[in-house]
Amino acid sequence: MKVIVQANRCQGHARCLAEGPDVYVLDDLGYNSTNIDHVPPHLEDQARRGALACPELALTIIED
Amino acid sequence: MLRGERDTTAFPDLDRLDVRWVLGTRAVSLDVGLNRVLADDGQAYGYDVLVLAPGGRARTLPGLEIGSGLHVLRTIDDALSLRESIRTSGRLIVIGAGFIGCEIAASARQIGSNVDLIEALPAPIVRVLGPRAASKVADLHEAHGVRLHAGAAVAEIVRGPEGRVRGVRLGDGSLVDGNDVVVGIGIFPSVDWLAESGVELQDGIVCDSSGRTSVPNVFALGDAAQWWHDLVGKHRRVEHWTTTADQAAVVAATIVQDQTEAPAELHAAPYFWSDQYDVKIQGIGFIDPSDHVDELSIRDRTVFLYSRDGVVRGVVGFSIPGAVMRTKPLIERGAPVTEVFDLLTA
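Protein chains in written order, with our numbering: chain A, 11 to 74; chain B, 2 to 347.
If you are wondering where the hints come from, they were derived from the structure by calculation, not from laboratory data. Check each hint, because a few of them may be wrong.
Claimed, not checked - Restraint-style ranges between C-beta atoms, simulated for each label pair:
| # | chain 1 | residue 1 | chain 2 | residue 2 | range |
| --- | --- | --- | --- | --- | --- |
| 1 | B | 81 | A | 65 | 44 to 54 Å |
| 2 | A | 74 | B | 76 | 20 to 30 Å |
| 3 | B | 21 | A | 37 | 40 to 50 Å |
| 4 | B | 264 | A | 50 | 51 to 61 Å |
| 5 | B | 42 | A | 66 | 30 to 40 Å |
| 6 | A | 50 | B | 42 | 18 to 28 Å |
| 7 | B | 165 | A | 37 | 42 to 52 Å |
Glycine included, each C-beta is placed from N, C-alpha and C at the ideal position.
My request is simple: use the sequences and hints to build the entire structure.
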């Protein structure tokens with residue numbers, strides 16, 4: 011699994027972090043601009059929930 | 002939208018849902034005995050399961066007609082009309098300093114408009130956030146040049162020839178000049194059409210924690226729905242749009258699941274945000290100003306913790322989203338406020 015982040019859509023809600031604390035990495039202000047090239051299998055559920063929680067639809071999950 | 006950075010609200014991929022859309026058609030009554038909705042196109046729409054999401058309409062001041070310089074902000078047409086007026090007149094009066102009023106004021110200032118913000122209570126958003134957080138919001142608007150009239154009653158909307166708005170007369174007799182007034186004082190849930198339906202109503206549609214109404218095959222969600230929330234032990238109408246999305250997932254799961262399973266329930270703490278100037282105010286949980294409030298300063302940002310009997314119920318932060326969001330699971334499991342304090346100050 012990969013996660014593509016559209017950084018221009020991110021508004022710094024940090025909801026991805028709330029649902030995927032072990033997956034998503036944000037800057038000091040809560041913005042996410044970091045694609046994740048490989049989500050470890052045990053964290054895939056966190057990654058999915060984090061992407062679904064984004065009000066700006068900034069995160070796209072690419073399943074293997 | 003108001004600042005002119007967007008012009009449309011586009012929803013992606015709606016066609017892929019394979020849903021039959023019946024647009025431009027208003028539901029006028031509900032018959033829960035015959036399981037059908039009557040609409041203003043003369044049709045009766047039958048159902049096995051019904052989901053009500055009627056939303057609300059903007060409140061205005063008694064006896065006032067929208068138009069001729071008097072605005073509300075609820076629909077995209079409202080937004081486009083208000084934007085055009087702000088651009089043309091460069092001067093705006095906002096009545097009501099709740100979230101909507103404050104966001105309008107901030108956006109109007111950011112595109113160079115003069116702004117008067119009139120609020121009956123002593124500070125902006127004070128009914129929701131309590132006095133300490135509200136005074137931060139007041140400072141923010143005054144620092145950006147908004148003329149804030151707090152604790153001010155509106156005596157009348159003053160109109161010129163042909164009914165055009167000329168200003169707002171305050172309770173102390175003073176006149177605030179301006180040709181455009183926007184009223185942001187909340188919504189009424191659009192439930193009048195359900196009055197005779199037998200679905201229980203109480204400032205909205207009363208639902209359990211799965212969104213089920215008093216009629217078993219009728220659900221409701223969104224701004225008009227009063228869901229039961231275990232976190233506060235009350236029915237609450239939550240007007241935040243992430244809550245509607247959370248509710249939709251619960252209702253959908255409840256409808257499609259096997260009848261023998263326990264229903265899905267909403268456990269997600271409500272979330273809101275409000276962008277005003279360069280500040281992002283975020284709140285999680287049930288913010289109640291009558292709860293105990295602690296104020297923390299973290300990396301020069303302010304966070305308010307709302308707790309009752311030592312249990313955290315809500316958190317509000319000013320431009321510190323990462324820290325605020327980490328508290329969400331703690332709010333959802335009713336953690337001691339000391340644990341939130343430790344997390345934030347670690």
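Results of checking the hints against the structure:
no., hint, verdict
1, 81(B) with 65(A): 44 to 54 Å, "violated (22 Å)"
2, 74(A) with 76(B): 20 to 30 Å, "violated (43 Å)"
3, 21(B) with 37(A): 40 to 50 Å, "holds (44 Å)"
4, 264(B) with 50(A): 51 to 61 Å, "violated (33 Å)"
5, 42(B) with 66(A): 30 to 40 Å, "holds (35 Å)"
6, 50(A) with 42(B): 18 to 28 Å, "violated (53 Å)"
7, 165(B) with 37(A): 42 to 52 Å, "holds (48 Å)"
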